[in-house]
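Engineer: Residue-level listing of the chains:
There are 2 protein chains.
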Amino acid sequence: MIRKLYALCGTDRTRPFSPHVWKTKLSLMHKGLDFDVAPVGFTQIPRIEQGATKIVPLLRDGDRLVSDSFDIALHLEATYPERPPLFGGEGGKAAARFVEGWSQMTLHPMIGRIAIMDIHDRLDPVDRAYFRQSREQRFGKPLEAVAEAGQADIETFSAKLEPLRHMLKFQPFLGGDGPLFSDYIVFGALQWARIVSRQCLLADGDLVTAWFERCLDLHDGFGRSVTAA
Amino acid sequence: MIRKLYALCGTDRTRPFSPHVWKTKLSLMHKGLDFDVAPVGFTQIPRIEQGATKIVPLLRDGDRLVSDSFDIALHLEATYPERPPLFGGEGGKAAARFVEGWSQMTLHPMIGRIAIMDIHDRLDPVDRAYFRQSREQRFGKPLEAVAEAGQADIETFSAKLEPLRHMLKFQPFLGGDGPLFSDYIVFGALQWARIVSRQCLLADGDLVTAWFERCLDLHDGFGRSVTAA
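Chains Y and L, in that order, give the protein sequences.
Residue numbers for the first sequence, in the UniProt record's numbering: 1 to 229.
Residue numbers for the second sequence, in the UniProt record's numbering: 1 to 229.
Treat the hints with care, as some may be off.
One copy or two, either will do: identical chains are not told apart, so a pair holds if it fits within one copy or between any two.
To be verified - Dumping the calculated DSS-like pairs for lysine-lysine here, alpha-carbon to alpha-carbon at most 27 Å:
#1 K160 <-> K141
#2 K31 <-> K160
#3 K4 <-> K169
#4 K54 <-> K169
Hints listed in this document are in silico derivations from the structure and should not be mistaken for laboratory results.
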């Protein structure tokens, strides 16, 4: 059986950028599970698998369909317990929700603003229209005004990584000695930035940069299969 | 054997406020372990147990002396594995370092600025002098100027709790269904604020407020043994 992963794409299908899909790809690699990728644009999502989902990643795993990167990780951990753990026990599973909260409420909004025009410009025309309309509704202003606000985020981004730096003084990964799903959560956000934007958000010599490079090396350098923008 | 916990105190020994000591007290309660508290002022710390530590909490547990709230939690988990877990496995232990990073790099600096004069005013005269000198050196400005900067922190504090709110949509504690050391880490910071400052940082109806109240209820309401300022 080959698993099928529906994954967001822009015009260039060789440069998948969705942070959530990166989390799931690394989760599948971590478990050593094969999968085929089915790239979809924003406006195709409601039509896949008979309207099974409004979001990607969506994973077809045999007769199971699971969406949302966290739910997919839970599904993989429950279904393949004999393979390397993604959470490292119940405490790790619970704490991963906090890591998700931190990544999505702190890093994602900043990267979303910093890279908003880059993301827009990488989409197919039909998806560009959807993206502009939905994001302008969410932010209450034109994309270009959001991008302008993003200039201030560039200055403050590094300071937001202090919790990671503190952790990295004690251990090489959020998962401890090796990576767990929590690492993939934060990696997904920074990989998204790396692929869509030329804005350098990680400085040389930063503990976070060294951790991110370690994550890029994982699973035979899978994260490097897409080059930086 | 009675354990001895050296704990920071101000002039009023019935109102211990150190966030780190609160983490350790709740860790000991969580494990169901008895302990006596030995209150010490800032300037007494270098003299306890023949100069064994520069920081409190310091726990004497039989012939072991352990300082630092995280190291004490690790010690308790390793020494009393048959009692309720503080980390919930290796993944939880690793992630707790990130929670510590978030709490100490995000919440602590804000609370430290907001409550700096409250803390100062609650100390013995000799400790006030030490506190002013060491904090003015750290901040590079008079305590009163730090307190003024803290006014801006009051406005932005609630937004900093978004990662917790995201997590609390899925589960009642950082530890999942019940509390783990990660909960005590964040609780310690907010309990510190609750005890030293009259500034209300948590709003009614907030998911974080409900979680904090649950934490205050733990272990027969141990957190409520000191009233709010």
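Engineer: With reference to the structure, classify each hint as holding or not holding.
Structural biologist: Hints, one by one, checked against the model:
1. K160 <-> K141: Result: close both inside a copy and across copies, 25 Å intra and 24 Å inter.
2. K31 <-> K160: neither (30 Å within a copy, 34 Å between copies)
3. K4 <-> K169: neither (38 Å within a copy, 29 Å between copies)
4. K54 <-> K169: This pair counts as between: shortest inter-copy Cα distance 20 Å, intra-copy 39 Å.
In summary, the numbered hints that this structure violates are 2 and 3.
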